[in-house]
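Novice: Sequence:
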Amino acid sequence: MSSKTTKKKNHLPSAKQSTPSPNSWPNLPHHLIALIARQPNLMQNITSFGGVTKSWRSPSRQCSPNGKARWPRLVEINGKDHTKSPRSHVCEIKFHEEYPYCYYRRRDWYNVRYPDLHFKGHSHGMIVVMEPASSNSYLWEPARRSTRYLPPWYHNLPFKFSTLSSFPDDRNGCNALVLTGLSTPAFAFYELYGEKREWTLENCTIKDPYSPNQNMQFSNAIGFKGKFYALSLQGSLVVIEDIDSCLRITGIGSGRAVPSKVSRQFREYLVESNGEILLVFLVSRKCIDLVEDVEVFRLDIDKLLWVKVESLGDWTLFLEDECCMGIDSRKVGCKKNCVYFTHHRVDNWWVFEMENGKISQAFGNDNEMKGSVMWDEPKEME
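If you read the sequence shown in the working numbering, its first letter stands for residue 2, the second for the next number, and so on.
Bear in mind the hints are in silico, worked out from the structure with no lab data behind them. Just to be clear, a hint being listed does not mean it is correct.
[Said to hold, decoys possible] Mimicking DSSO-like on lysine-lysine, the simulated pairs with C-alpha atoms at most 30 angstroms apart in a straight line are:
id, residue 1, residue 2
1, K359, K228
2, K208, K304
3, K287, K262
4, K336, K262
5, K304, K95
6, K309, K332
7, K309, K287
8, K226, K309
9, K309, K262
[Stated by the list, open to error] Label-pair distances were calculated between CB atoms; the ranges are:
id, residue 1, residue 2, range
10, R249, D315, 22 to 30 angstroms
11, K208, D315, 41 to 49 angstroms
12, R286, N216, 25 to 33 angstroms
Even glycine gets a Cβ: it sits at the ideal position worked out from N, Cα and C.
Take these sequences, add in the hints, and give me the full structure.
Specialist: Dropping the structure here:
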């Protein structure tokens with residue numbers, strides 16, 4: 002339903018084959034990108050850099066002290082891709098300069114000057130960028146064309162992805178968090194306005210409740226109101242916060258962050274929407290190439306518990322492999338109470354309607370929203 006069949010090529014790539022073209026970011030529908038170009042504040046609604054694909058495996062009897070299998074294990078699909086040489090990225094948004102009676106499209110100077118950039122995260126309007134050749138990293142705010150440098154990354158450690166605890170200009174401070182996908186070290190952090198000019202590495206010695214013989218390995222995280230909320234590979238939730246200029250795990254949630262129904266494989270997304278942290282699952286039950294169901298949960302911050310969401314109200318979610326966005330549908334004109342998504346980074350967009358649980362193709366060719374039954378004209382907000 003939500004996949005695009007790819008043809009196998011009968012030839013091997015030659016040594017003279019050109020370098021793969023960069024990934025366009027964000028890979029959102031064209032009409033939405035055009036709106037962001039004219040309303041740069043909508044960049045704040047992009048609150049995550051994508052999702053994580055997980056699949057079930059039969060538990061080993063060695064995972065239980067008494068030799069009896071207890072919890073089925075989760076493994077990350079393509080979870081080691083961050084150790085390879087990924088494709089570079091290019092920012093697809095051509096921001097406009099605003100004048101009293103017109104808009105002027107900026108020249109795309111940044112992509113021309115820096116053609117080999119790898120995007121490693123997006124949070125609070127900032128893109129986390131790395132230069133593979135030098136391992137230099139920095140924060141880039143494309144809407145304002147401003148840059149904040151981060152310490153160089155360690156060549157011998159994987160850099161899975163990064164997020165920020167709050168806006169960089171937050172008076173209470175801002176931390177950048179990097180997940181490694183390991184347990185030693187589990188993550189690294191950098192205090193933007195601190196005295197230290199290098200990443201601080203932290204190990205995790207806490208056993209995962211759903212894999213008792215293993216320390217937690219974090220696969221996903223989101224920054225929210227000065228803290229980080231991270232999910233382990235096995236679905237445990239932890240709270241990570243700044244204690245005396247060091248990041249510490251201060252809370253562990255109850256319940257396992259997995260789909261409520263039987264699944265063969267699923268893709269999880271952490272996204273902020275309408276002032277809440279949402280956990281979204283694209284569920285594949287029978288075939289991993291099809292999304293057969295979508296489930297949405299919100300985080301009860303006080304209880305650290307995931308609660309099933311039956312309706313998004315006027316809000317809508319856009320989920321793509323390298324981009325997550327929650328937005329008030331009345332601001333952009335899309336259908337409300339829906340989850341738009343792609344699968345396996347193909348061009349087709351699908352839509353899940355929360356009201357009736359129906360999944361259908363969202364738009365026509367070229368992701369053109371206008372004129373689609375799933376796209377209305379924006380309404381003026383009071």
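Novice: For every hint, state whether the structure bears it out.
Specialist: Here's how the hints hold up against the structure:
no.	hint	verdict
1	K359 to K228	35 angstroms, violated
2	K208 to K304	21 angstroms, holds
3	K287 to K262	12 angstroms, holds
4	K336 to K262	26 angstroms, holds
5	K304 to K95	42 angstroms, violated
6	K309 to K332	26 angstroms, holds
7	K309 to K287	23 angstroms, holds
8	K226 to K309	22 angstroms, holds
9	K309 to K262	12 angstroms, holds
10	R249 to D315: 22 to 30 angstroms	37 angstroms, violated
11	K208 to D315: 41 to 49 angstroms	42 angstroms, holds
12	R286 to N216: 25 to 33 angstroms	31 angstroms, holds
Hint violations for this structure: numbers 1, 5, 10, all remaining hints satisfied.
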